[in-house]
Amino acid sequence: TIKLLFGTAFRAPTNFELYTIGGARIPNPDLKPERIQTYEANLIYTPVKILLVQANVFLNNLTDVIVQDVPINNGANNQNQNVGSVTTKGIEGKLDIIPSKTFSAFLNFTYQEGTQNNGTIETNIPNIPHMKGNGGITLHFAQLINISLIENWVGIRSVAPTNPLGRVGEYFITNLVISTPYLFKERVSASITVRNLFNRTYYD
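Here the sequence shown is numbered in the numbering used here, starting from 1009 and rising by one per residue.
If you're looking for bench data, these hints aren't it; they were derived computationally from the structure.
Treat the hints with care, as some may be off.
Only pairs whose alpha carbons sit at most 30 Å apart, straight line, appear in this in silico DSBU-like list of lysine-lysine [as the list claims (entries may be wrong)]:
{"#": "1", "residue 1": "1109", "residue 2": "1193"}
{"#": "2", "residue 1": "1102", "residue 2": "1140"}
{"#": "3", "residue 1": "1102", "residue 2": "1011"}
{"#": "4", "residue 1": "1097", "residue 2": "1040"}
Construct the complete structure from the given sequences, taking the supplied hints into account.
Put into structure tokens, the structure is as follows:
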């Protein structure tokens, strides 16, 4: 299966962004909506009955991004203006293994990059990990209970230039989910989730 997708959306400026006055800031009632265009290509392939492989590439372009406090009038004032732009792009891969009705497993990985421009300087987007992934297994018992163990990995992230940490380290956390399928003519189900099963310390 091959999918090609395109999307477009907008975010209207808020009253705060349009009309706020304070200090040297003057309002800008002529702000335009921020806009985004998204592009995605997806390939889904089943080489054998028990295996499902997916690959995905994506590109997101944001334009007319509202940047706060842009200097105007030779620096005498500042104003919110539509001078920013943002681009994110990346690739994703996913593998599903379903050898039987009692056992299944999955593994996925994402690599992404993001840059932002405030109308003057282009920088990497802070707080976005270049790499992340997760994997897990699910056991199905007698069509009455499902037990899933999922490991999540988030790679190293940069931070804003004003943050003295310089970066946030990678981390792994494990989640456990115990659930039932739909019971009583598919009207009722229940689940219990234990997040960070091994109580690991991590920073976000």
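(message) Please list, smallest to largest, the hint numbers that this structure does not respect.
(response) none
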